[in-house]
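Please arrange chain B on chain A, whose structure you already have, making use of the hints.
Read top to bottom, the protein sequences are chains A and B. Using the working numbering, read the first sequence as starting at 1 and increasing by one per residue. Using the working numbering, read the second sequence as starting at 1 and increasing by one per residue.
Hints may contain errors.
To be verified - Chain A side only, calculated, beta carbon under 7 angstroms to chain B, not exhaustive: (1) Leu59; (2) Thr152; (3) Leu153; (4) Phe155; (5) Gln182; (6) Asp184; (7) Val187.
Think of the hints as simulated: they come from the structure by calculation, not from any bench. Virtual Cβ for every residue (Gly too), placed ideally from N, Cα, C.
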Amino acid sequence: MSDDKARLIEAIAEMHEDEAVDLARTMLDGGYDPVALLGHCREAMEIVGKRFEDGEFFLPELMLAGEMLSAISDMAKPLIREAGPTKKSSGTVIIGTVHGDLHDIGKNIVTFMLEINGFTVIDLGIDVPAQNFIDSIREHRPQVVGLSGFLTLAFDSMKETVEAISAAGLREEVRVMIGGGQVDEQVRRYTGADSFGLNAMTAVSLCKQWVAA
Amino acid sequence: MSAENNSPAALYAEREARVRDAIELREPDRVPIFLYSTFWQALDAGMTCEQAMYDYDRLGEAARRSVLELEPDAYVLPHFMLALGPTMEIMDYRQLQWPGHNGVDPNVSFQYLDKEYMKADEYDDYLLDPTGFYLKKYLPRVAGVYEAFRKLPDFPGLFYTRVVHSTAAYDDPDVRQAFETLARAGAEMRTMLGKAMALAKELAESGFPLAISASGGAPFDLLADYLRGSKGAMLDMFRNKDKLLAAMDKAAQFIPRAMIDSASRSPCKTVFIPLHWGLDGFMSPEQFETFFWPSLRKVVMTLIEAGLTPCLLWEGDCTSRLEVIRDVPPGKCIYFFERTDMFKAKEVLGDVVCLRGNVPASMMTTGTPDEVRDYCKKLIDVCGDGGGFIMDCGIGIPDESKRENVLAMFETTREYGVYR
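In isolation and in its complexed conformation, chain A is listed as follows (with noise of 0.2 angstroms):
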């Protein structure tokens, strides 16, 4: 391993943002190939994502890793002739704040960590109809859709949601999680959820399981 490799996985993973952008910057000038380096971000992000489930890192470490990973991709991706091998991924997501609800900051880590853990993740964004879901699972097929909400007026929308899918048929093809901060599991039996999550974690480890049964 080079010892930039090991210094710019050890400058993201420290959050040492300056460190990290120029050293990115110092490598690609220096021709180092832009596959390689995004491939060693992926890996500090995978750090970054562990010490998040351990409760070392939290929301303000994921957001300057975000920014950091958003800085260097921008100067790597235009030197990028061919893509390289994508890495295989682990499953489909489709995730979005439901309608009349406009917060998206627990969907985003969300988004974030089923990123870093392989995961496709379609983000439909904020205040999304039940049709946009519906259209997503027919185009996408993906394996888990994600429901997430702040508000208590989210319950509603959720179960709408859900009921809207089930019209469409396309209940059985996938599992429904919802989340958000006032989910629990009288709100999951009240949606026709599968599961709930109170974090990104339990996010995580559904889809793992649910896309491994």
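Frame of chain A, contents of chain B only:
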């Protein structure tokens, strides 16, 4: 009980004493219960969310009806969060998306728009001259009416003849227009506040005290919610740590100053501080003790020194923070918990703060009255033991709560909550 003891004045005194006993960690005659809702009272009265934000009289009627029916020991008037539609329209307020405005469904709650309202490179401006920064940069971004304030003079640069010359700015057509529009917004706000205060007076005469007289926030939340945006503030914890801390230090002085001023005009001495970004999972224990708690504690202590009772609403789950937030003088604060383990909170904080909460939102909206009764009884048994507890839902009554569940919470508290 004699007739005299049932007079509204006697009931008012009785309720006030019950709440004061709970706050000061003595055992009252029974567990007090607060009535605090955002849209529930209006929706229960058959109004839409849009009507609640625009129709002062109907909102007042809904609030009156619920107070008289539920007979809380203290209540929050919904006007201060809801009845802002007309004024926000006049001033072109831009930080909120609300029902009936810009195509938003009349039946949904308002939502705050989390954005970067102050850029990272503007900390120096803010730290040098916060008022100037507000007038010429921040306010023009958050409300259209203030756009013309960009043309106002640079106040700290005024002296001697410059004080005289600078008057020319006020003759600018946009500035004139802005002041006229603000006066219209002010008249609208005074109408609303006048109706709200008249209702509070009427309800006081019927025996019901107010639960809060002013609200504020944590310095970190002020920066994260209203200035830098949540993402900006979290990145600043690494990129601009010293400036973030310096700005929070300023905010820790402004926040209580404004709250003390508002509370001075009310008979109620409890002030409200909802908290957003300090919960478990959002920041580490170390970050909490660096960025969240010290400046919040400063606000709390300033309020206590001014003779006020801070009621801190700890949103989400703050179970891991309990030991740290114990550090306040006993009998001076209410800690209002949403999803924190209330029973653990009683153990850790029971001899220091009065607990309030935390009937779950999911139970109120999708559960049964029996479930609500059982949960309330458990809260009364454990958290109410020896006093120091006020019944409420996690963040007040959720908008979609079933009426029978709200009735169950109030009945159980009145009947089962009696200390014997």
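Checked hints:
1. Look at Leu59 of chain A: its Cβ gets to within about 5 angstroms of chain B, closer than 7 angstroms, so that hint holds up.
2. For Thr152 of chain A, the interface hint holds, the least distance from its beta-carbon to any beta-carbon of chain B being 4 angstroms, beneath 7 angstroms.
3. Among the interface hints, the one on Leu153 of chain A holds; its C-beta lies about 6 angstroms from the nearest C-beta in chain B, closer than the 7 angstroms criterion.
4. With a least beta-carbon distance of about 6 angstroms to chain B, the hint placing Phe155 of chain A at the interface is held under the 7 angstroms criterion.
5. Annotation: Gln182 of chain A was flagged as interfacial toward chain B, and the flag holds, the nearest CB pair being 5 angstroms apart, inside 7 angstroms.
6. With a cut of 7 angstroms, the hint placing Asp184 of chain A at the interface with chain B holds, because the nearest CB-to-CB distance is about 5 angstroms.
7. Hint status for Val187 of chain A: holds, given a least beta-carbon distance of 5 angstroms to chain B, under 7 angstroms.
Taken one by one, the earlier hints all hold for this structure without exception.
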